[in-house]
Structures are given as structure tokens and as C-alpha cells.
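Number of protein chains: 2
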Amino acid sequence: MTGHRKPAVCVLGTGLIGGSILRAAAAAGYEVWGFNRSEAGARAARDDGFDVRSDIAAVLGRAADADALIVVGVPMPALDAILSDVRTFAPRCALTDVVSVKAPVAETVHRHELGDRFVGGHPMAGTSESGWAATTPDLFKGAAWAVSVDPGVHAETWTQVARLALDCGAVVVPVRSAEHDRAVARISHLPHILAEALAITGAGGGALALGLAAGSFRDGTRVAATAPELVRAICEPNAEALGEVLDDALRILTAARDSLRDTDSIAQLTEAGHDGRNDYDTFRRWAITDLRPGDQEWLAKLAEAGRRGGVIESLD
Amino acid sequence: MTGHRKPAVCVLGTGLIGGSILRAAAAAGYEVWGFNRSEAGARAARDDGFDVRSDIAAVLGRAADADALIVVGVPMPALDAILSDVRTFAPRCALTDVVSVKAPVAETVHRHELGDRFVGGHPMAGTSESGWAATTPDLFKGAAWAVSVDPGVHAETWTQVARLALDCGAVVVPVRSAEHDRAVARISHLPHILAEALAITGAGGGALALGLAAGSFRDGTRVAATAPELVRAICEPNAEALGEVLDDALRILTAARDSLRDTDSIAQLTEAGHDGRNDYDTFRRWAITDLRPGDQEWLAKLAEAGRRGGVIESLD
Numbered sequence: 001m002t003g004h005r006k007p008a009v010c011v012l013g014t015g016l017i018g019g020s021i022l023r024a025a026a027a028a029g030y031e032v033w034g035f036n037r038s039e040a041g042a043r044a045a046r047d048d049g050f051d052v053r054s055d056i057a058a059v060l061g062r063a064a065d066a067d068a069l070i071v072v073g074v075p076m077p078a079l080d081a082i083l084s085d086v087r088t089f090a091p092r093c094a095l096t097d098v099v100s101v102k103a104p105v106a107e108t109v110h111r112h113e114l115g116d117r118f119v120g121g122h123p124m125a126g127t128s129e130s131g132w133a134a135t136t137p138d139l140f141k142g143a144a145w146a147v148s149v150d151p152g153v154h155a156e157t158w159t160q161v162a163r164l165a166l167d168c169g170a171v172v173v174p175v176r177s178a179e180h181d182r183a184v185a186r187i188s189h190l191p192h193i194l195a196e197a198l199a200i201t202g203a204g205g206g207a208l209a210l211g212l213a214a215g216s217f218r219d220g221t222r223v224a225a226t227a228p229e230l231v232r233a234i235c236e237p238n239a240e241a242l243g244e245v246l247d248d249a250l251r252i253l254t255a256a257r258d259s260l261r262d263t264d265s266i267a268q269l270t271e272a273g274h275d276g277r278n279d280y281d282t283f284r285r286w287a288i289t290d291l292r293p294g295d296q297e298w299l300a301k302l303a304e305a306g307r308r309g310g311v312i313e314s315l316d
Numbered sequence: 001m002t003g004h005r006k007p008a009v010c011v012l013g014t015g016l017i018g019g020s021i022l023r024a025a026a027a028a029g030y031e032v033w034g035f036n037r038s039e040a041g042a043r044a045a046r047d048d049g050f051d052v053r054s055d056i057a058a059v060l061g062r063a064a065d066a067d068a069l070i071v072v073g074v075p076m077p078a079l080d081a082i083l084s085d086v087r088t089f090a091p092r093c094a095l096t097d098v099v100s101v102k103a104p105v106a107e108t109v110h111r112h113e114l115g116d117r118f119v120g121g122h123p124m125a126g127t128s129e130s131g132w133a134a135t136t137p138d139l140f141k142g143a144a145w146a147v148s149v150d151p152g153v154h155a156e157t158w159t160q161v162a163r164l165a166l167d168c169g170a171v172v173v174p175v176r177s178a179e180h181d182r183a184v185a186r187i188s189h190l191p192h193i194l195a196e197a198l199a200i201t202g203a204g205g206g207a208l209a210l211g212l213a214a215g216s217f218r219d220g221t222r223v224a225a226t227a228p229e230l231v232r233a234i235c236e237p238n239a240e241a242l243g244e245v246l247d248d249a250l251r252i253l254t255a256a257r258d259s260l261r262d263t264d265s266i267a268q269l270t271e272a273g274h275d276g277r278n279d280y281d282t283f284r285r286w287a288i289t290d291l292r293p294g295d296q297e298w299l300a301k302l303a304e305a306g307r308r309g310g311v312i313e314s315l316d
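Chains as they are written, first to last, in the UniProt record's numbering: chain A, 1 to 316; chain B, 1 to 316.
Just so you know, these hints were derived from the structure itself, not from any lab.
Among these hints, one or two may not hold up.
Chain A side only, calculated, beta carbon under 8 Å to chain B, not exhaustive [claimed, not checked]:
id	residue
1	A28
2	I56
3	A57
4	T108
5	I187
6	P191
7	E196
8	A209
9	V223
10	L291
In this text, a Cβ means the ideal position worked out from N, Cα and C, and glycines have one as well.
With the hints as extra help, turn the sequences into a complete structure.
As C-alpha cells, this is what we get:
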């Protein structure tokens, strides 16, 4: 609960993430409406009682009139077109996004001269489902929601975006765009790549292998069920960082293969892998309580706190 | 339900798999008892009402007297020692095992001159937990349980082993040992290797990466929580087959890395990965109904049926 007036929220793209924000923000008491490119998707949302339309000019006109916070929830390949529309119809609104990768989004936003009131975001939530049918107001409960603290970000917009994340049930991880992109390459994009490779290798074993497959294969390939174009839209804009962690993974796997061949042992891999999973299982976020948006050097200090596992749980 | 007299069942090693068989077989009406090397583990089972002791001579003496079916549930590194004891105290009992890899177990069994009444087995079930505390009689419900149809296997012992698997709630996949080992390298051992590599790469990103990690990292590294020595005991005896599928995976990942670097695209990987996961999601076992143990060429015919996704759901 916040004692502050909530801005109106306009969500562009009502798929799994954008649609779930629409639902969560409505449940938290925000005035919300949205845009969806496909009229069928817009109608599905309207059938559930949400004001979602496929007329971008009307949707953004209302945002401009209400000085709404605009949330861009389209995949990366659709970003350029939607920002052109924002520039045309609502150039002075506060703006955030929920696209996976952050530095390329920020670049594109600045190219459209929409950087003044922009703060990038990325809720770490999702399923292998997509579209309005998969949306739920609970998607972000307890999730981490990265909110950019890049140099130049304004405290007022940042606070609006962070409050929206908190009101959706998430905790806020303050992070610089480039560091975010390197981190998610490790813990979100690489898992997709490995899942695809495992699915291919497993299915290569035919009916016998698929018939014997159990929990380790099911869980290890879960995200390979995601639509291929969505995986591409998430991973490809982060090609540089993903390439680096993929090289790391290839070095680790090649060393394991060589060790298995030369010494029949994968001791080093299993010890280090167990340690890594243990680091994850025992990781505890800590609450940042002594920093407020607008404080002296707040952006650098929040970036440093986020780097060390700090999150914002409340802004009151 | 079977109308046949159930043999007594003696389980050697009452960890997650062996202990769960003890529970499931007891629930299905078998007379069961067992051995556990550690007295603490044996006591834990006794506290739950099961006759499990750490005196191998006494446990196997009872098996010899009762002409019990012996189930070897120790990890591969402990196999040699336990088979020496079986050879000493109960050399004429029917014998099966639930060790992951099949060809090396069969070799070891034959080296101990225990091959006459041996039929290898492998229930495809497990969790990242281990030990008696993790056991449950429901572990095998609906699971695939590989049962060897290697040349030389006797129909009577095979039927006893297959019936035990069915009575524990599993379906039986008839498979030759070498083919089993190549298949599980793909769908069980490779998932472990990739999970370890992902855990290492993710944890390498420190607090920021671990704090942003969500479902894809959690599921992709789940089996890296397994005790390292257990992963080694499962994977290392299958070094040859695992090495080959690891090479396959390295080729796929290297091609993806090169494609990402040269063309900013992972289209080929995501399409093929999605197809592979779809093969898994749409795979349906079919029931083998026209083959019975002891029929003309039954071993070859069951092997061929298993290769095509056939399972035995009943022997009545």
C-alpha cells in the first residue's frame, strides 16, 4: 500500500507479461487500459473486463490526456514500431518497458527521443505459455523486477515504475542496463539455449529414449516448449553477452568431456555444479532501506546495492 | 493384480530407489526385507516398520532360504562388494538391480558367475533427494522401468522382475543393455551434465545474477542439487555413451554460438529444440499385448517393440 496518488497505467502489448501487469495493476487499484495489435487478443482481454483495444492512436491519445505511465510489453522485434507510435501520440508520458534485454531497449528509446521520462524494467517471471489466456495477476508475486538505474534516470519516473512493480507484488532489483544484460544472459538466456540443445539430443534417441525420459529431461527441456520466435526475440538482442556466457559453458562442458574421456571422471564438474546450485539455494535477498530515489548519488548507490543482492521491498 | 504367487523380495541398499521398492513391494503384498550398509539407515527403516538390517550374511541367508528375488539397489561403486556377498551367501537366487547403467552391471554380475538368474532393471524415477527419508511407495507410479532383454535371459526370472516392476506401479520397457545405456546417456546423464554447467555459469554471475534467477534457472539446475558423488556414480560408468552424446551437444551448442556471432540468429537451434520438446510432449507409449516371455524369439521381439516405444502394462 502506498499513500501516493497512483498514475494511470497504459500497457502496450497484452501478452503474458503485459497482460499480467494489466491484471495485477488493476487489482492494486490502478486505472489501467491497454493496446493489443491483434483484435482477437484485444477482444479476449475485453471479454475478461479489461479495456484493451487495437487502435493505437486512441489508446495512446488517452495516455497523453491522462499523463499515464506507459508500459511497453511487446517483444523486441516490435519495439521500433511501437515507439514510433508513442513518439507520435504520447511523447511526454512516463515510459517503462518489460522487454527482456535492457541496453538495446534503452538505445532504441533514446533514438526515438523518448529518453527523458524513460526507466527500463524487467520482471523476472514467465512460463512457457504465452498470450492473454496465460495471464494472471499473481505472476509477479515475490518475483524480482529489475528497474534500471542508468545515469540520467529521473527520480520521479523511477519511483513511479518501482511503485508499479511493488504494487504488482514484486521486489525491485536496481541495476544498470549493461550489467542486467550480462546477468540475464547467465540465468535466463543460457538456460534456454541449453534446454534447446538437450531437447534436440534427447529426441535424437527416438522412441526408446523419449519413453525412458523422466524428471531430469522434463525439467531440463521445459523452456524449450516456448515458441521459437519468442526465444529468439528474448535471446538474439543480447547476442554479445549471451555469446560470452555460451563460450563459458562450452569451456566447462569441453573440460568435462575431456576429463570423462581421459580419466573416466567428472568430479570437478559435479563438485563445482553442486556448489553453484547451493549458492542459488542459499542466496538470500536483503532489503535496501537506507537509500531513496533522489538522494545524493542515489543511482550509483542503488546500482552498487543491487550488485550485492539488495532489493527494494517498499518505498514508504 | 496378478494371480501368481509372489516371490519374497530382498532389497540390498535402502536408499531412495531401493527403499522405495521396499515400500512399494510391501504395499503390493510382497514379503520384503532388506540390507543397508549403514546401521543408522537400517534403523530408520526399522523405525518405519520395515525389516532392514546391516548384517549382510543374515539378510542374504534368509534370501537363500526363501528363494527370494534379490534387488540390488546400491550405487555402482559398491556393486562389486555386494555381488561378492551375494555369490557367497545366496548364489542361486533370482537377481535384479536398479543401478542406472546396464551393460557394466551385467558384466560385473557375469564376472561374479551370477548371470544365470540375473535380469537387469532400471526404474526411471528419482528426485534430487536421497536416503531412506526420501523413500515413498508411490515413486514408481506411472514410471517407465527398463527390464533387460539381453540374449540368454530366462523367461521365468524375467517375468518375476517385470511383475515386481508392474506391482510397484510402473510400466515395463523391454530393452537391451547397450541400447538402454545409450538412451539414458541422452535423457538422464546429459541433463545432469548440462545442469551442472548451468549452475556453474549462473553462480559465476554473483549476487546480481542469482537474485535475478527465476524459473528457467531453477528448473534447469534442479538436478545439480543431487549429491556430487551420486551424479558421478550414475554417469561415470556410462562414460563411452555419455561422451558421444556430450559431443553431440557440444556440436549443437558450438553451431548455435557461431550462428549467434556471425548472423545474430539462433533460428535453427530454437526450431529444432522446440521440435524435440514437442516430440517428447506428444510421445505416447503403446501397450505390447501380443508377446509373452518364453514365446519363440521373445527376447528379440520385445527388444524391437521397446525400441519403437512399446511397454508392457500387464502380464495377466
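- prompt: Hint by hint, which ones does the structure fall short of?
  reply: Of the numbered hints given earlier, those the structure breaks are 1, 2, 3, 4, 10, listed in rising order.
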